[in-house]
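Enquirer: Read off the chains here:
There are 2 protein chains.
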Amino acid sequence: MTEGTQPGNADPAADTAVGHDAAHAGPPEAARAAVVELLGVLAYGEITAFERLAEDAKMAPTLDDKAALAAMAVAEFHHFERLRAHIASLGVDPADAMEPFVTPLDEFHRHTAPADWLEGLVKAYVGDGIAADFYREVAAHLDPDSRALVEEVLRDTGHSAFVVDAVRSAIERDPRVAGRLALWGRRLMGEALSQAQRVAAERDALSALLVGGLAVPGFDLAEMGRMFTRITEAHTARMATLGLAS
Amino acid sequence: MTEGTQPGNADPAADTAVGHDAAHAGPPEAARAAVVELLGVLAYGEITAFERLAEDAKMAPTLDDKAALAAMAVAEFHHFERLRAHIASLGVDPADAMEPFVTPLDEFHRHTAPADWLEGLVKAYVGDGIAADFYREVAAHLDPDSRALVEEVLRDTGHSAFVVDAVRSAIERDPRVAGRLALWGRRLMGEALSQAQRVAAERDALSALLVGGLAVPGFDLAEMGRMFTRITEAHTARMATLGLAS
Chain A
1 MTEGTQPGNA DPAADTAVGH DAAHAGPPEA ARAAVVELLG VLAYGEITAF
51 ERLAEDAKMA PTLDDKAALA AMAVAEFHHF ERLRAHIASL GVDPADAMEP
101 FVTPLDEFHR HTAPADWLEG LVKAYVGDGI AADFYREVAA HLDPDSRALV
151 EEVLRDTGHS AFVVDAVRSA IERDPRVAGR LALWGRRLMG EALSQAQRVA
201 AERDALSALL VGGLAVPGFD LAEMGRMFTR ITEAHTARMA TLGLAS
Chain B
1 MTEGTQPGNA DPAADTAVGH DAAHAGPPEA ARAAVVELLG VLAYGEITAF
51 ERLAEDAKMA PTLDDKAALA AMAVAEFHHF ERLRAHIASL GVDPADAMEP
101 FVTPLDEFHR HTAPADWLEG LVKAYVGDGI AADFYREVAA HLDPDSRALV
151 EEVLRDTGHS AFVVDAVRSA IERDPRVAGR LALWGRRLMG EALSQAQRVA
201 AERDALSALL VGGLAVPGFD LAEMGRMFTR ITEAHTARMA TLGLAS
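Listed in order, the protein sequences are those of chains A and B.
So in full-length UniProt numbering, spot 1 of the first sequence is number 1, and the numbers just go up one at a time.
So in full-length UniProt numbering, spot 78 of the second sequence is number 78, and the numbers just go up one at a time.
Since the hints were made in silico from the structure, they are not lab data.
A hint or two may mislead.
[Claimed, not checked] Some chain A residues judged to face chain B by a derived CB distance under 8 Å, without partners named:
| id | residue |
| --- | --- |
| 1 | 50 |
| 2 | 51 |
| 3 | 58 |
| 4 | 59 |
| 5 | 140 |
Just so we're clear, the structure is a prediction, and the values are computed from it rather than from any experiment.
The beta carbon of each residue, even a glycine, is placed where N, CA and C say it ideally should be.
Just need the whole structure built from these sequences, with the hints factored in.
Expert: Here is the structure:
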């Protein structure tokens, strides 16, 4: 389990240790605030993913498909539970930690409501993938407990073989769906980047953490840009796995 | 775990053992068909409960409330997983076992879409309660493996304290909601009975199992009536727990 408290971060005596360690750079209070923001956005992301996958399961063509998407939703909820417990173990109300991210994540889902089962599957796969990439980007900058949790959640992300099979065989049956789903994938990525940039612009501590810890003076737009490039490249690879141009 | 196969039920040599045991009365093939029907309706009931609770979680006034309802949904999905595994262990395709119950259960949910968060909570509580009563009615008539599974699922049904607290404090804040929710509870029960009677009328094997095993000659409408009376009385007690007239 990764629910232990982290007295190191809350220790006022450590406040002078600015920039002595790349992995824990910056004033501990600010670092802790950034970690809480990160866990907050992940937690709210997981519970909204749960809600949307559960909703998309209603469009399943068969009961087996419905159960497969519901199982993905349930996996996201269990991730949420772990993240919530970890936030609480830091002495922070999980709802408070999630609150700043409600609007951007709800906006993302409002702008990307799937019109049918296949769009829902592509969204589940692409969304899961972007979330996993994002986890990977930040895991290196976290304290050991938070890092262990993020890595555990990341390892548990799965069920993607089901989506790949379903999308590829739908394209085999009717090659025209590939064009529509490729457009859909581009729109998903565009909306994800647009909401991520909105969050980054508004949350300085979180942005600093993303670009390499709080030791970085100010907000490094270039490094943020490189991170988005890496995430975009990974998205392209995933679209290809589905048999889709990106 | 209760996922062992049951060669006893599939053994043609046992076909002559009609009525020799109250718990396994009737021709084993018919009894097995009835058990599969029962597990099928329970499994589809659980996965639709998952879907509806996940949908109702979107109406939650706070993130904590949303997480509480989502946790109820996830518990239902885990029940579904156990029931599905048990059906498969009997050599039956779970989707086939569920199929006859898709229309009546979907109709129930279509007729009882909650208009707001409180209606969703009352539906979750009342629906969970009716399902639990139904489990209790049938558990006695099942083979030991199926009975153990149903009892396990029943024990795991919970989270109701959250609903009771939320509904009672909403009534405290505004006593007028009690009248509206009481009407809603009556409508839920009416729809549940109406769909249950529809299922009972169409599924002879299942009905026979419900009224005391397949040894009962024909379809005992009087015993079925008594069962519905017991379930109605339990519903009245639950409504009172919520602070609602029934």
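Enquirer: Is the hint on residue 58 of chain A kept, meaning its closest Cβ partner in chain B is under 8 Å away?
Expert: With a minimum Cβ separation of about 6 Å from chain B (threshold 8 Å), the hint on residue 58 of chain A holds.
Enquirer: Given residue 50 of chain A as an interface hint, is the shortest Cβ-Cβ distance to chain B below 8 Å?
Expert: Residue 50 of chain A check passes; min Cβ-Cβ to chain B is 6 Å, inside 8 Å.
Enquirer: Does the interface hint hold: is residue 51 of chain A within less than 8 Å of chain B, judged Cβ to Cβ?
Expert: holds (6 Å)
Enquirer: Any CB of chain B closer than 8 Å to the CB of residue 140 of chain A?
Expert: With a closest approach of 28 Å, the residue 140 of chain A hint is violated.
Enquirer: Tell me if residue 59 of chain A is really an interface residue toward chain B, meaning its C-beta lies closer than 8 Å to one of theirs.
Expert: violated (11 Å)
This entry does not satisfy hints 4 and 5, going by the numbered hints stated previously.
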